[in-house]
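Chains A and B, in that order, give the protein sequences. Mapped onto my numbering, the consecutive letters of the first sequence carry residue numbers 1 to 551. Mapped onto my numbering, the consecutive letters of the second sequence carry residue numbers 1 to 551.
I should point out that these hints are in silico values taken from the structure, not numbers from a laboratory. Only a predicted model underlies this, so the values are computations on that prediction, with no experimental measurement involved. Positions of the beta carbon are idealized from the N, C-alpha and C atoms, including for glycine. Some clues are possibly wrong.
What the hints assert, rightly or not - Taking lysine-lysine and the BS3-like style, the derived pairs with C-alpha atoms no more than 27 Å apart in a straight line are: (1) Lys261(B) - Lys251(B); (2) Lys251(B) - Lys79(A); (3) Lys538(A) - Lys351(B); (4) Lys327(B) - Lys389(B); (5) Lys389(B) - Lys351(B); (6) Lys541(B) - Lys289(A); (7) Lys538(A) - Lys75(B); (8) Lys541(A) - Lys251(B); (9) Lys538(A) - Lys251(B); (10) Lys251(A) - Lys389(B); (11) Lys75(B) - Lys170(B); (12) Lys441(B) - Lys541(A).
Unchecked claim - Computed footprint of chain B on chain A; a stretch qualifies when at least three of its residues, placed anywhere within it, have a C-beta under 8 Å from a C-beta of chain B: (13) 195-204; (14) 527-535.
Protein chains: 2
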Amino acid sequence: MLDIKCIILPFIVLAIINSNETNCEILRDAKDLAHLVPYPQQIVSYATQLTIDSNNFKFVTKTKQKCDLLDDAIKRYRKLAFINGCYNLHNENKSPFESIELNPNEDYLTNITIEVKGDCVDQWPHLHMDEMYTLRIDTQDFPKQAFLFANTIWGALRGLETFSQLIQHKSDNTFAINSTFIVDFPRFTYRGVLIDTSRHFLPIHVIHENLEAMSYYKMNVLHWHIVDDQSFPYVSQEFPELSSKGSYNPKTHVYSAEDIKNVIEFARYRGIRVIVEFDTPSHCLSWGKGYPHLLTQCYSGDKPNGQLGAMNPSRNTTFEFLNSLFKEIANRFPDQYIHIGGDEVNTTCWKSNPEIQLFMKDLGISGEYDKLEEYFFKRLIKNISGLNKSWIVWQEVFDRNISIPNNTIVNVWKQNFNTELYELTKLDYEVILSSCWYLNKISYGYDWFQYYTCDPQGFNGTDHQNSLVLGGQASMWGEWVDASNFMTRTWPRAMSVAERLWSPKSLSNATEAQYRFVPNRCRMLERGLRLQPVVEPKEYKFGFCRCDSDV
Amino acid sequence: MLDIKCIILPFIVLAIINSNETNCEILRDAKDLAHLVPYPQQIVSYATQLTIDSNNFKFVTKTKQKCDLLDDAIKRYRKLAFINGCYNLHNENKSPFESIELNPNEDYLTNITIEVKGDCVDQWPHLHMDEMYTLRIDTQDFPKQAFLFANTIWGALRGLETFSQLIQHKSDNTFAINSTFIVDFPRFTYRGVLIDTSRHFLPIHVIHENLEAMSYYKMNVLHWHIVDDQSFPYVSQEFPELSSKGSYNPKTHVYSAEDIKNVIEFARYRGIRVIVEFDTPSHCLSWGKGYPHLLTQCYSGDKPNGQLGAMNPSRNTTFEFLNSLFKEIANRFPDQYIHIGGDEVNTTCWKSNPEIQLFMKDLGISGEYDKLEEYFFKRLIKNISGLNKSWIVWQEVFDRNISIPNNTIVNVWKQNFNTELYELTKLDYEVILSSCWYLNKISYGYDWFQYYTCDPQGFNGTDHQNSLVLGGQASMWGEWVDASNFMTRTWPRAMSVAERLWSPKSLSNATEAQYRFVPNRCRMLERGLRLQPVVEPKEYKFGFCRCDSDV
Chain A
1 MLDIKCIILP
11 FIVLAIINSN
21 ETNCEILRDA
31 KDLAHLVPYP
41 QQIVSYATQL
51 TIDSNNFKFV
61 TKTKQKCDLL
71 DDAIKRYRKL
81 AFINGCYNLH
91 NENKSPFESI
101 ELNPNEDYLT
111 NITIEVKGDC
121 VDQWPHLHMD
131 EMYTLRIDTQ
141 DFPKQAFLFA
151 NTIWGALRGL
161 ETFSQLIQHK
171 SDNTFAINST
181 FIVDFPRFTY
191 RGVLIDTSRH
201 FLPIHVIHEN
211 LEAMSYYKMN
221 VLHWHIVDDQ
231 SFPYVSQEFP
241 ELSSKGSYNP
251 KTHVYSAEDI
261 KNVIEFARYR
271 GIRVIVEFDT
281 PSHCLSWGKG
291 YPHLLTQCYS
301 GDKPNGQLGA
311 MNPSRNTTFE
321 FLNSLFKEIA
331 NRFPDQYIHI
341 GGDEVNTTCW
351 KSNPEIQLFM
361 KDLGISGEYD
371 KLEEYFFKRL
381 IKNISGLNKS
391 WIVWQEVFDR
401 NISIPNNTIV
411 NVWKQNFNTE
421 LYELTKLDYE
431 VILSSCWYLN
441 KISYGYDWFQ
451 YYTCDPQGFN
461 GTDHQNSLVL
471 GGQASMWGEW
481 VDASNFMTRT
491 WPRAMSVAER
501 LWSPKSLSNA
511 TEAQYRFVPN
521 RCRMLERGLR
531 LQPVVEPKEY
541 KFGFCRCDSD
551 V
Chain B
1 MLDIKCIILP
11 FIVLAIINSN
21 ETNCEILRDA
31 KDLAHLVPYP
41 QQIVSYATQL
51 TIDSNNFKFV
61 TKTKQKCDLL
71 DDAIKRYRKL
81 AFINGCYNLH
91 NENKSPFESI
101 ELNPNEDYLT
111 NITIEVKGDC
121 VDQWPHLHMD
131 EMYTLRIDTQ
141 DFPKQAFLFA
151 NTIWGALRGL
161 ETFSQLIQHK
171 SDNTFAINST
181 FIVDFPRFTY
191 RGVLIDTSRH
201 FLPIHVIHEN
211 LEAMSYYKMN
221 VLHWHIVDDQ
231 SFPYVSQEFP
241 ELSSKGSYNP
251 KTHVYSAEDI
261 KNVIEFARYR
271 GIRVIVEFDT
281 PSHCLSWGKG
291 YPHLLTQCYS
301 GDKPNGQLGA
311 MNPSRNTTFE
321 FLNSLFKEIA
331 NRFPDQYIHI
341 GGDEVNTTCW
351 KSNPEIQLFM
361 KDLGISGEYD
371 KLEEYFFKRL
381 IKNISGLNKS
391 WIVWQEVFDR
401 NISIPNNTIV
411 NVWKQNFNTE
421 LYELTKLDYE
431 VILSSCWYLN
441 KISYGYDWFQ
451 YYTCDPQGFN
461 GTDHQNSLVL
471 GGQASMWGEW
481 VDASNFMTRT
491 WPRAMSVAER
501 LWSPKSLSNA
511 TEAQYRFVPN
521 RCRMLERGLR
531 LQPVVEPKEY
541 KFGFCRCDSD
551 V
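So here's chain A without its partners, still in its complex pose (with noise of 0.2 Å):
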C-alpha cells in the first residue's frame, strides 16, 4: 500500500505528514538531523543522500531585477556551505578535514535555484519584513535538484543559511545533503542582540563578526546601545565635542559617519537592522562632557556642587540641541525605530537644582518628578515624530504612569516580567522582551538553560495580546566585555535566544536542543567564529568539536 508521508509533494502535504508515525525512513531525531539551529517551523528529512562536488554546484537564481543582496549572500554561503578544513586562526590555513566514508549513493545534487517572488531592488530589513522560505531537496527529482523559495530577498538569506546548514563534508571536495523539505518561518518577527559601546568600546570587526554570528542564527536586530554615561563614541557632525570630548579616545574609540554605515550596510546584506540607542535623559554624563549645559547641575545647600545628573527639560536650549541631533541619527540610521532609552531616571539633581525647581512651579507640577519626565519625553517624542521615525522606550516609562502614545514600542527588562508584558499587551502597547536574556550576567554550568525556557508568551494573555508580543533580545551589556571576550562570550549563549524567538514554542527541551547546540557551535568553529563550549564534556567525546584546537 502506497505510503501517504512518502508522497513527495512536501509543500502541499507537510502539514500532514508532520506528525510522529513514520516508515519511510523520515529522519526527524534532532540527533539526526543537520543539527539545524534554529529549528525549522516544518522539517521533513529522509535517509536518502544526495552527493555534491562543491567544485561543480551552481547556485541559479530567479529574481525580478538583478539582485545585489543575493549575489552577495550566494558569494558568502558558497564558502560557509562548503568547508573542508579547519580554519586557522593562527596561521590562517585550513587544516583538511578527515573522510568521512562515502554514502554509495552516486546520485549527484548539482545546484540549487533559489527563487524570490518579491522587489530586489533597494530593500530594507523592517518589522514587519516576510522571512519565510520553502527549502526543497528532492532525491526523487529528474535530475535531482534543490529549491529554495521565498516572497522576500529576507527570506531567501533564512533559506540560504539554512542550506548550508544541511550540508555535510564527506572528504575534499565532496560534500552530501539530506532529502530535506522544510516550510520555514520565525515565531517572531524582532530577535535581536544588544551590544552597549559605551561602558566599552567595540571596534568595527568584532561588531561584524557579531552580525555574522547573528545572520547565522536567523536574528534581524542590532540594538546598539551606541552611548551612555561612559563614554560617546558616536561621532557627531552637529555636534563634534560630544565624541572629542565624551569618548575614551576621539582618535581610536570613536564611530565616524563612515564606520556606522559600513555597519548598517554590512547588516542590511544580512537581513538585519540597526536600531540606534540615545539613552536619555539619565545616562548621559558622557553628553555632559563636551556639552555640560545639558545636564542639570546638582546642588548640595544652595550651591553647585560640580557633579551633573540628567539631561536639564527646563532649558528649551536642550530640546534644540535634541531636536537637531536626533535629526542627524535620522538620517545616518535607516531604520523606523530610534530607541530613546528612559531607563533608571535620577531625580536627585532635578531635586536639588533650584532652576528646575522654578520650572516645575510655572508649570503646576511641583514634586511630581514623573510629570517632568512626561514633559521630557513629550517633547522629545514629538521631535522624533517630526522626523518621520517611530520610538522604542524602556519599561520605566509606562511604569512611572507617564502619558506616552500607543504607538510607542515598550523594551521590557525588569524581573517581573510576565506582568508586566500583561499590563503593556492589556493596554495595546507592542513589547519586546529583554528581561530573561542578560548574558552579560555570566554564572556558571549551563546557564543558557535558563535563557532556552524563557517564553515572551509565557504571561497567559489573550491570543491579541501575544499578537503584541514583537519578540525580544539577548543583551551583552558592557561592563566587563570588549574586544577581548565579547564574541566568546556572547556566542554561543545567544544560540538560545535565537531559537526561542524563531522555532516553535513546543520546541522548550533545553537537554535535548543541547545534541544540536554542540554540533552546530563546532560548525561555526569552523566558519571561524569565537564561541565557546555549549556543554559539560561527559559522555565520551560528545562536547568535543574537531576545529577547537584551531581557534
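Starting from the known structure of chain A, fit chain B onto it as the hints suggest.
Below, chain B alone, put in the same frame as chain A:
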C-alpha cells in the same frame, strides 16, 4: 639637613627608607608607580625620570658562562619593554601610540647591566629556586645606569619582567623610566596555574600563550592535568592505544613527545616548571578505551554491566602497566615532582566487583576501601620513588587516613581549607593551596576580589606550619573552556593569585590593587595577550585601554 631617605644607597638603606614619611618626591602611591603586578617586596621610586631611546639601548650581561636563557630573555624583553603601538591581531600592523608630553629631562639611560652570580648552564627551575633580584635605576650615577643583580638566572628573569613593566612610552622610540630601587623576592616558592587538557583539548599555541602570561606575572609552575575521564591526549610510546583510542582525535587532539618537549623548554626559558598530573586511581575512564583491563569492571548483581570504574588494584598487571608508564613519564617530564592525583576516588565499582572482593578478603581488609586505596598508593608511590621522583597528591589521600610518606606534598582543593591546611602542616606535610582559586567557576563582576583576599597562611598556624605552605595555584578546569576562551577567562583574573603568592601579605586591599591592575592589563593587551576587562568602567576613562579595540 641631609635627608637620609634621599641618599642613593638603596641596596643598603632600603630597609631604612621603606617607611611612610617622605619629603624628597618618593613615589609610593600605587597609582603613580609603574603599575607593577605582582607588586615588589621593597620598592622606592622617585619622580625623576630618565629618557630611553629604544634604538640605542643596550642590555649588558655579566655571567659566568655564555647564558642562552638570558640571551633569549633579553631578546624577548627588548620587544616587551619597548612597545610603541597597539598590537593588531587582525592585520598584524601596529597602530602607533600617541605621544605623551615629554619630560624635559634630557638625561638618557643607555643600558642596563644584568649580572647573574650563579651558574647558567643546564639550569632547570625547581621547587626552592632562588628568584630574588635587585634592580636599580639611578639618576645620580654618572653615567646614568640601570643595574639588575640576581644570584640565579631565575632572579634575572623576574627582574627583567619588572624592568620592562617600569618603562613608559613617550613618543615614537622614546621611552622613560623613573629612578627606582627594588629588592624583590617571592613570598611563596610555588606559584602555579593548573590547566586541564582532558575535558577540552588545549592546542600548543594556547599553552604557550598561557606560559607567556604566567611569566609576565612571575608564576613558576604549570600544573598540567593532562588526562582524565574525558580524554587521554598524552601520546605514550609504551602504550600507544592510550591516546589512539582515548583521545578526542588521535591526529589533531594529542600531545606528542615532541610537543611536550617544546612546552617544557618554552616554560624553562621563562623559569616555569612543568608538573604533570596523571590522576589515579579514579578519573581514568579514558585509559580504559585502549586498555580496559586496567579498570575495574562494574557489576550489576553477578554480571558485569559494561561500565568501568576506578583502576583495578587487585591485578599485578595494573601496577606493571603503571610502572612502565610512569617510567616513560618520568623521562619526559624533567621536574622532580609528579602529581599522582588521588581525588574523588569512586569505590562503587570496587564494591560491586567479585574479583576485588576476593582480593580484599585475601589481604584481610574486607569492606575497608580506604585500605584498598592505601594499598594502591603504597605500590604506586614505591614505584615513583624508585624513579627518583617526588610526588604530589590531592587532599583526599590524606583525608581518608591513608598512611602516606611524610615527604608527600598535599594539594588542598576543597572548601574548609583553613582547617585542612592547619591539620596537614601540624603533621609536617608540605602543602599547596588550590581551594579558593578555582577560576573556572565564573561569576559576574569583581570575582577576582575574593581571589585577591584569600591567603594561604590564613589558618592561624605556627611559624613552622606557615613555612610548610609552599604556595598555591589558580585552576582553570576544562569543563567549559577550550582554545576559544581559555586565555580571556584565565587572564587577567589569575593576576590576583600571582600577586597574592609573590607580594607581601600586607598588600591585601583589592580596591587599591585595581588601580594597578587596570593599567597593567592595558600593558598586557599591548603585548598581544587576550585578557578580559578587570573592572567595570565607572569613573570616566578608568577601565578603558588604548589598545582594547585592537585585540
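Verification of the hints:
Taken as a hint, the Lys261(B) and Lys251(B) pair is honoured in the structure, with Cα atoms around 18 Å apart against an allowance of 27 Å. A hinted pair counts as satisfied when its Cα atoms are at most 27 Å apart, and Lys251(B) with Lys79(A) qualifies at roughly 25 Å. At roughly 23 Å between alpha-carbon atoms, Lys538(A) and Lys351(B) fall within 27 Å of each other, so this suggested pair holds. For the proposed pair Lys327(B) and Lys389(B), the alpha carbon gap of about 10 Å is at most 27 Å, so the pair holds.
The suggested pairing of Lys389(B) with Lys351(B) is violated, with an alpha-carbon distance near 32 Å, which exceeds 27 Å. The suggested pairing of Lys541(B) with Lys289(A) holds, with an alpha-carbon distance near 12 Å, which does not exceed 27 Å. A C-alpha spacing of about 43 Å is found between Lys538(A) and Lys75(B), which places the hinted pair above 27 Å, so the restraint is violated. Simply put, Lys541(A) and Lys251(B) have alpha-carbon atoms about 14 Å apart, close enough for the 27 Å limit, and the pair holds.
In summary, the hint linking Lys538(A) to Lys251(B) is supported, as the alpha carbons are separated by about 21 Å, within the 27 Å threshold. Among the hinted pairs, Lys251(A) with Lys389(B) is inconsistent with the structure: their alpha-carbon atoms are about 57 Å apart, more than 27 Å. The suggested pairing of Lys75(B) with Lys170(B) holds, with an alpha-carbon distance near 22 Å, which does not exceed 27 Å. Under the criterion of a C-alpha separation no larger than 27 Å, the hint pairing Lys441(B) with Lys541(A) is consistent with the structure, at around 23 Å.
Proximity of the region 195-204 of chain A to chain B, defined as three or more residues with a beta carbon under 8 Å from a beta carbon of that chain, is established by the 5 residues found. Counting residues of the region 527-535 of chain A whose CB falls under 8 Å from any CB of chain B gives 4; the rule of at least 3 is met.
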